[in-house]
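Peer 1: This is what each chain is made of:
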Amino acid sequence: MAISLTPRTPVAGSRVLAYGAARGDLVVPNDDLVGPIDSSDEWIRQRTGIITRNRASEDVGVKDLALAAGKEAIERSGIDLDALDAIIVSTITFPYPTPSLATLLAGQLGRPDVIAYDISAACAGFAYGIGQADALIRSGAARNVLVIGAEKLSDIVSPTDRSISFLLGDGAGAAVVGPSEEPMIGPTVWGSDGDHWDTIRMTGSSLDFRDGKVDWPTLEQDGRTVFRWAVWHTAKKIREMLELSGIGVEDVDVFVPHQANMRIIDELAKQLKLPEDVVIGRDIAETGNTSAASIPLATHRLLEEGTAKSGDVLVQFGFGAGLAYAGQVLVLP
Amino acid sequence: MAHTENEILAGLAEIVNEETGVATEDVKLEKSFTDDLDIDSISMMTIVVNAEEKFDVRIPDEEVKNLATVGDAVKFIEGAQN
Numbered sequence: 001m002a003i004s005l006t007p008r009t010p011v012a013g014s015r016v017l018a019y020g021a022a023r024g025d026l027v028v029p030n031d032d033l034v035g036p037i038d039s040s041d042e043w044i045r046q047r048t049g050i051i052t053r054n055r056a057s058e059d060v061g062v063k064d065l066a067l068a069a070g071k072e073a074i075e076r077s078g079i080d081l082d083a084l085d086a087i088i089v090s091t092i093t094f095p096y097p098t099p100s101l102a103t104l105l106a107g108q109l110g111r112p113d114v115i116a117y118d119i120s121a122a123c124a125g126f127a128y129g130i131g132q133a134d135a136l137i138r139s140g141a142a143r144n145v146l147v148i149g150a151e152k153l154s155d156i157v158s159p160t161d162r163s164i165s166f167l168l169g170d171g172a173g174a175a176v177v178g179p180s181e182e183p184m185i186g187p188t189v190w191g192s193d194g195d196h197w198d199t200i201r202m203t204g205s206s207l208d209f210r211d212g213k214v215d216w217p218t219l220e221q222d223g224r225t226v227f228r229w230a231v232w233h234t235a236k237k238i239r240e241m242l243e244l245s246g247i248g249v250e251d252v253d254v255f256v257p258h259q260a261n262m263r264i265i266d267e268l269a270k271q272l273k274l275p276e277d278v279v280i281g282r283d284i285a286e287t288g289n290t291s292a293a294s295i296p297l298a299t300h301r302l303l304e305e306g307t308a309k310s311g312d313v314l315v316q317f318g319f320g321a322g323l324a325y326a327g328q329v330l331v332l333p
Numbered sequence: 334m335a336h337t338e339n340e341i342l343a344g345l346a347e348i349v350n351e352e353t354g355v356a357t358e359d360v361k362l363e364k365s366f367t368d369d370l371d372i373d374s375i376s377m378m379t380i381v382v383n384a385e386e387k388f389d390v391r392i393p394d395e396e397v398k399n400l401a402t403v404g405d406a407v408k409f410i411e412g413a414q415n
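Residue numbers (this note's numbering), protein chains in the order written: chain A, 1 to 333; chain B, 334 to 415.
Since the hints were made in silico from the structure, they are not lab data. Backbone N, C-alpha and C fix where the C-beta goes; we use that ideal spot for every residue, glycine too. Please note: incorrect hints may appear among the correct ones.
Cross-link-like lysine-lysine pairs, in silico, DSSO-like; alpha carbons within 30 Å at most [said to hold, decoys possible]:
no., chain 1, residue 1, chain 2, residue 2
1, A, K236, B, K398
2, B, K361, A, K213
3, B, K364, A, K270
4, A, K270, B, K398
5, A, K213, A, K273
6, B, K408, B, K398
7, B, K398, A, K71
8, A, K237, B, K398
9, A, K309, B, K361
Derived DEER-like restraints, expressed as beta-carbon distance ranges [as the list claims (entries may be wrong)]:
no., chain 1, residue 1, chain 2, residue 2, range
10, B, E338, A, K213, 47 to 55 Å
11, B, G354, A, V249, 21 to 29 Å
12, A, L207, B, D359, 24 to 32 Å
13, A, W216, B, G354, 36 to 44 Å
14, A, H233, B, N399, 18 to 26 Å
15, A, R210, B, E351, 27 to 35 Å
16, A, D25, B, E338, 25 to 33 Å
17, A, S40, B, Q414, 25 to 33 Å
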């Protein structure tokens, strides 16, 4: 007779318990960046909606931003630290390929024994992390999971790049996800488009840099292709997600897409035909594009300002390099 | 059924008007999208995608940079229909 193994006991659902946020300590206005790209404050505002972006001082690392955001989320969640079972960090700027930032934070947060790993899904990373946390919790593999999106993108910008550098900021956003009798996080809609692997890319590899073939690699993108994909492909996926979650646009209270560009956010809202009273995350105006950190930073701001409140239905969707994308409908804590 | 040049121009003018507020009668064949109509690359992509939908054609990203004038776009759409 075949042996029967005992699985963990699944739970019905998961929910976000609390958020945490940390932004770079420097406020960088457009005027500080326009010289080398022959641009202007007005041009950047009009094309991107960005007025300032937060960047971190030289002595502030991505690990410091991640730790601050993670600590706040844990404190606000009210969970006993012993009940934290996993830490998932999404980052593309931790300067060590190994060991992971998640394991470093596990030690610094006082839980060096938890499940801990980093994921690389760029701007879709936070929503990828929430998708994994939801799956870990519902399967019974973890009780509470800390998900962090953290980036110090100012380490990989070029002052002369006109494609993406001037959009980018530094920050970290975090959420603690825990079990729930009722599902408060809907099904994750996620995927990628490997045929467009190099649409958002680094200017070289670390090996190219080591061998003196390229300058320090920085980020660049094909803006037109990204804009087109980010709006029309993403709108289609968000409609699928709403249907899968069993809700319509009239049920949405808050919409927080990845903070890539205000024009993308506006066009997405238009394509989705969101009702006028839906609160839209527009943190990009002051924080800039912080990749994996942008969704939790924007959500944290709306909750702090009181424009979004506990119990609101949030639609979040991340999209970016690799042309990876992910999103969920969730109920705000 | 394929659209005529005039139909494409009229349809394109509506799309441009919707995106930028430029009056439909100002969208003429000889007008340059960037120099005359002050349309930036992001608005251009919005116009392109809406035109694809309206005229049931495919306008590849790499083709968009060749569409300097309204006439270029009308000609491309006209050809792409067949």
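Peer 1: Broken hints, numbered, in rising order?
Peer 2: Numbers 2, 5, 7, 9, 12, 15, 16, 17 - these are the hints that the structure violates, sorted from lowest upward.
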